[in-house]
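Asker: Spelled out, the chains give:
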Amino acid sequence: MNDASDPLIFMMGQYEAIIPQDRVYSSNHLWLKELEPDLFRVGFTSYSVRLLQDVYFLEWRVEAPTSLRLKQEIGEIESSKALSTLYSPAEGELVQFNEHLLDDPTPINTDCYGTGWLYDLRTSAIMKRPSEYVAHLDEGWEKTQNMLKGQIN
Amino acid sequence: MAGKKLTVVISQAQGKHPVRSKLEEEVAAALLMDPQVSVSLVPHLYDMSADHTGLVFLRSLKGPFVLLGWQYPRALHWTLDRQQIRGHMGITELIEEIDDDEEAIDDQPSQAIGSTEMPNRNIYCIDLRVSSNPQEYIEEIHRIYEEENQQLVQLTFGSLTNGNGSSNGVAQNGSATNGSSSNGNSGLTFDLTQYILNPAESDTPSAKEEIAQFKATQPPIKRRWYPVIDYSRCTNCMECIDFCLFGVYGVDNLDRILVEEQDNCKKGCPACSRVCPENAIIFPGHKTPAIAGAEGEVAGLKIDLSKLFGGSDDDAVDLAIRERDAELMADGREMVGKSVGLAERHTTSSRCRGERDELDDLMDELDSLGI
Ligand code: SF4
Ligand code: SF4
Chain A
1 MNDASDPLIF MMGQYEAIIP QDRVYSSNHL WLKELEPDLF RVGFTSYSVR LLQDVYFLEW
61 RVEAPTSLRL KQEIGEIESS KALSTLYSPA EGELVQFNEH LLDDPTPINT DCYGTGWLYD
121 LRTSAIMKRP SEYVAHLDEG WEKTQNMLKG QIN
Chain B
1 MAGKKLTVVI SQAQGKHPVR SKLEEEVAAA LLMDPQVSVS LVPHLYDMSA DHTGLVFLRS
61 LKGPFVLLGW QYPRALHWTL DRQQIRGHMG ITELIEEIDD DEEAIDDQPS QAIGSTEMPN
121 RNIYCIDLRV SSNPQEYIEE IHRIYEEENQ QLVQLTFGSL TNGNGSSNGV AQNGSATNGS
181 SSNGNSGLTF DLTQYILNPA ESDTPSAKEE IAQFKATQPP IKRRWYPVID YSRCTNCMEC
241 IDFCLFGVYG VDNLDRILVE EQDNCKKGCP ACSRVCPENA IIFPGHKTPA IAGAEGEVAG
301 LKIDLSKLFG GSDDDAVDLA IRERDAELMA DGREMVGKSV GLAERHTTSS RCRGERDELD
361 DLMDELDSLG I
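As they're listed, the protein sequences go chains A and B.
The opening position of the first sequence corresponds to residue 1 in the numbering used here, with each subsequent residue numbered one higher.
The opening position of the second sequence corresponds to residue 1 in the numbering used here, with each subsequent residue numbered one higher.
In case anyone wonders, no lab produced these hints; they're calculated from the structure.
Hints are supplied without guarantee of correctness; some may be wrong.
Claimed, not checked - Derived pair list, reagent style DSBU-like, types lysine-lysine, alpha-carbon separation capped at 35 Å:
no., chain 1, residue 1, chain 2, residue 2
1, A, Lys71, B, Lys338
2, A, Lys81, B, Lys267
3, B, Lys287, A, Lys33
4, B, Lys22, B, Lys338
5, B, Lys208, A, Lys71
6, B, Lys215, B, Lys62
The structure presented is a predicted model; accordingly, all values stated were derived computationally and were not measured.
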């Protein structure tokens with residue numbers, strides 16, 4: 001594959017969110033890297049991780065393997081500053097979770113594009129290309145800031 | 001000489017949660033042997049219907065008490081208030097860690113309507129999720145015991161006796177009057193002492209086993225879902241009653257907002273808590289701490305990113321509208337979107353504020369907050 005190109009960068013204020021070009025993306029801020037046709041490894045983008053920061057708790061609500069609907073609630077994540085429900089990025093089959101994260105979720109912070117992967121998903125859904133994902137970030141950035149501000153104030 | 005016994009009530013976890021059950025039993029067993037304490041076990045506070053004997057028992061308590069339960073203290077306190085079990089919020093030192101410099105800022109709106117008919121006693125609500133170590137609860141209860149007995153020098157609480165035979169005055173009071181005249185159950189006779197654990201009976205091999213058996217004899221109760229109003233925040237603005245289309249809210253004879261038909265509320269729906277301008281509406285079982293009644297400063301610091309990760313892109317009010325529409329649809333009714341029951345400030349085109357914000361300013365702000 002042609003993953004030779006440099007990663008894209010999205011500026012979150014001063015922070016550079018790195019968007020590698022060797023994978024595809026979902027609109028809910030996950031990356032999907034093809035392991036074999038239609039089988040993807042899934043993880044948080046650096047944009048997600050920047051907003052979450054130091055994750056200390058991750059819990060899955062479903063057991064692998066299982067079939068998923070788009071936007072199905074599949075788990076919870078919590079950091080010292082944020083929490084979120086986690087939703088499936090696409091319709092498909094969740095094949096396995098990254099078991100290591102359940103004991104220690106820190107790789108999510110330290111290596112979100114590598115050992116911090118979340119789960120493997122079999123899907124034929126069409127995802128965003130890196131440039132499309134960056135455009136999606138661009139488009140949503142103001143809204144995201146408003147949402148964050150709304151919650152901080 | 002020992003002062004008056006302190007009443008400690010444990011509100012049990014929902015369902016059969018083994019870890020929670022074990023902690024309840026350990027705490028109860030330790031307290032059972034404690035001469036300073038009278039300990040009772042009631043079903044999950046939030047799930048008991050208004051005429052449940054467990055609530056009748058709680059209403060019969062006239063003095064100060066400690067309530068241990070599986071919710072945020074604020075949620076416990078206002079659930080009690082809703083059941084006419086009132087008192088000052090006793091200050092407990094056993095609370096969730098609050099982040100460094102964010103000290104408890106007590107900025108209750110001055111227009112808040114407050115509770116009514118508040119007797120002069122303290123109710124100490126403690127969240128059993130704070131620690132898994134029973135000893136911490138025991139120590140805190142001893143601290144409260146000392147605190148209350150110091151206050152007794154100035155205050156007199158009725159005529160509770162501390163004799164040998166009667167475990168405490170509450171039981172006498174309860175069984176003599178059935179504690180029920182006020183709630184339309186005068187026909188029934190309750191033995192309110194059923195909730196009080198009696199050390200005399202527990203010379204069996206293990207107090208914990210005894211307690212487990214005691215719990216097993218209590219019939220399970222169904223789970224409920226309804227809003228609980230925090231009157232220390234509520235300003236009686238009526239936005240919730242306008243918003244909810246399921247007839248949950250009403251007003252009392254003083255025109256104060258009240259949750260009138262709790263079982264009309266839609267399970268899992270927290271919609272009205274999102275439109276309340278004072279964050280006064282608590283759903284104790286909701287997963288978001290701010291909605292479940294965490295103290296403002298704890299809740300305020302955790303940012304809910306669910307919208308970002310696929311929940312929806314809406315702001316709180318949009319979300320509330322969607323949640324409400326979903327429930328209307330489930331009821332076979334017409335969806336109403338934002339056309340019904342929203343205060344004007346939500347419907348006039350928003351977002352003129354904030355758009356001038358510099359990205360960098362925001363990130364700096366986030367950085368300073370450590371997000
Ligand atoms: S919306 Fe909130 S502040 Fe207004 S009446 Fe309802 S609970 Fe009280
Ligand atoms: S959660 Fe929904 S149904 Fe329940 S009181 Fe609020 S608006 Fe009404």
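Asker: If a hint holds in the structure, say so; if it doesn't, say that too.
Answerer: The hints, checked one at a time:
A threshold of 35 Å between alpha carbons decides the hint, and for A:Lys71 with B:Lys338 the separation of about 24 Å falls inside it, so the pair holds. Between A:Lys81 and B:Lys267, the direct Cα distance comes to roughly 28 Å. Compliance with the 35 Å bound is thereby established for this hinted pair. As the CA atoms of B:Lys287 and A:Lys33 are separated by approximately 31 Å, the hinted pair is consistent with the 35 Å bound. For the suggested pair B:Lys22 and B:Lys338, the alpha carbons sit about 47 Å apart, so the restraint of at most 35 Å is broken.
Of the pairs offered as hints, the one joining B:Lys208 and A:Lys71 is violated, with about 44 Å between alpha carbons and a cut-off of 35 Å exceeded. Distance check on the hinted pair: B:Lys215 and B:Lys62 sit about 24 Å apart at the alpha-carbon level, within 35 Å; holds.
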